Amino acid sequence: MPVPIRAARPMRWDGERRREILMPRTASSRRVGRVVLNSAAAFTLAYILTPLAFVTWLAFFRQEIPAFPPEGYSLRWFRAIADNDRFVSGFVLSLELAVIATSIGLCLGVPAALCLARVRFSGREALSSLLLLPLVVPGIVLGIALYVFHVEVELATGLPVLGSLAGLIAGHVLIVIPWTVRLVMASLVGLDRSVEEAAQSLGANRFATFRRVTLPAIRPGVVAAALFGFVSSFGNLEMSLFIVGPGRTTLPIAILQYLEWKIDPTIAAVSVLQIALIATAMLITDRFVKISQVV
Amino acid sequence: MARLEIDRVTKRYGDVHAVRDLTLDIADGEFVVLLGPSGCGKTTTLRVVAGFAEPTLGAVRLGGRDVTRLPPWKRNAGLVFQSYALFPHLTVARNVAFGLEMRKVEASEIKGRVADALRLVRLEHLGERLPRQLSGGQQQRVALARALAFRPDVLLLDEPLSNLDAKLRQEVRVEIRELQKRLGLTTVMVTHDQEEALTMADRLVVMHDGAVRQVGTQADLYERPGDRFVAGFVGRSTFIEGEIEAPGRFRSAGGLAIACKEAATGPATLALRPERIVLASDPQGSMDNNLAGVVEFVSYLGATIDMHVRISPKERVIVQVANQGSGRIPGVGGRIYVAWAAEGGIVFVGSGSD
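Residue numbers (our numbering), protein chains in the order written: chain Y, 1 to 295; chain S, 1001 to 1354.
Do not take every clue at face value.
In silico contact screen, one side only, chain Y against chain S (beta carbon under 8 Å); selected entries [as the list claims (entries may be wrong)]:
id, residue
1, Glu71
2, Glu197
3, Ser201
4, Leu202
5, Ala204
6, Ala217
Honestly, the hints are just simulated from the structure, not real lab data.
What you are looking at is a predicted structure, and each value in this text was computed from that prediction instead of being measured.
Backbone N, C-alpha and C define an ideal beta-carbon position, used for all residues, glycine too.
Generate coordinates for the entire structure from the input sequences, incorporating the hints supplied.
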């Protein structure tokens, strides 16, 4: 039996070490530095987590009008979600939409990333930036632009584009692509071309080389891309507002519409479910690939 | 294994000639080394043979089969890369099995042949490890086993030893050479390291600027270099510019009269091997050339000592002296004679360029 050897991990380049190298310090000033760093980290973390904690807390309040301190706790708001058709159908639609858009986004983004990382052609940099654009343009602007585009296409061709499911999916693909291209390109940077050539010299054609060698090597990037694409599609509100058709309500839109009439903890309960779903997705992915290594 | 013919291959990238009209016939079981400085076209030649670069002109035949237009995966050439290029996500055994799996060999047979290949490189106990759990030398041997497991027609080695440390490199040279002889592998290796080339090859091909400068055995290249470039690249030489005044008499630019074995006259370059020159305190009657000189620089290398001796205002020669431990080595400023036989100098007639 060969003795298993622990895989060599890349050396952690943590703050402590970096500071050590950049400016050696005395013990006391090092302690002060550590305290400052830790409190800054704690503050940032608290800043991010406080709203989430409050929402979660609120979801279990018994009374209808949120007020502190709570009168008691109950699960009635979670039951209320199940009774509300809009939330249930919105959840199903958002889930379907995110899964389909992510799949299409991967099918388009992975080859695009391969091409951008490998093939030298003029305008490569420009194209690379262009594919990241949907991430930079504000959602509202993207939504309006798509709306106008759909109107124009419908006028020009007579096809029922406006408010169609296909239009909605296409819009979501647009916000998935920047993630897939970016993350897959990042994972390709570390891949040695000669590994692929080795596979070819051993008898693997282009497809077999991609499937057996390239894909396993960029898998962390692909998985992370799928996760981030899914999350940004699932939670998208601004763009979707403009391109959903009548009767087709995604979960974020259902939440917004509900908020126009009522503020009771149902919304908090929906949010808790949404947070739980995304957290679960992250935890599952993290079991397969260390997301922190890619992003 | 098979015979490899490279027939008048030219590879151009735009206006740049990476390889010019290269013809090479490599016999079944022969070990040929392509030697040259970086950018000389040796790696491009190997890539043409492997199928990663298509020649602009010419043909490549492997075992009589024209493979010029075949993609790499249809060539049956085993390739070992400088970086080893092992598949990081597969175990050693799966790495070695890859070529067999691609050829749809029966699973039961693969097992046996992987074990054979690993035994060949003495790594049979490490089949379940991942590449990153191995040392550089072990990874190199896995790469070799992987390239041999599917019984290729030719083995191609692209600077396979340059990532190993100096001591290990010397061991692996011998190991690869012995394996190659035992299995009768037709092998082409690319290297810029002349020592590596001299130790391993049956035949060497010295390349420069995309073209072959000389093909021959170690002795051919060392004793009878075809041109000034080869004389400088294989082994060391001191070059003295001048002209042949009359058959057998070389006049250096610094005015020295030197006896040589060359009948043609005209501008010429004289190349002197540092170990073919004798250092003496008095002129040596047995030598054709005896020149007085002053030691200007001494470099102590252990087994040998290099003496840089000024023999004229324009000329200085390097003399390699065996270190025999006695204190007879003159120091800097010492007045001595350098002597060599007429046939010890190699003359290249023609203007002084490469």
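Minimum Cβ distance from Glu197(Y) to chain S below 8 Å?
Result: holds, 6 Å to nearest chain S Cβ.
Taking 8 Å as the limit, does the beta-carbon of Ala204(Y) come near enough to a beta-carbon in chain S?
holds (5 Å)
If you take the shortest Cβ to Cβ gap from Ser201(Y) to chain S, is it below 8 Å?
With a closest approach of 4 Å, the Ser201(Y) hint holds.
Let me know if the C-beta of Ala217(Y) comes in closer than 8 Å to any C-beta of chain S, holds or violated.
holds (7 Å)
With a cut-off of 8 Å, does the beta carbon of Glu71(Y) approach a beta carbon of chain S closely enough for the hint to hold?
Interface hint status for Glu71(Y): violated (57 Å vs cutoff 8 Å).
Can you verify the interface hint for Leu202(Y): is its Cβ closer than 8 Å to any Cβ in chain S?
holds (4 Å)
Hint violations for this structure: number 1 only, all remaining hints satisfied.
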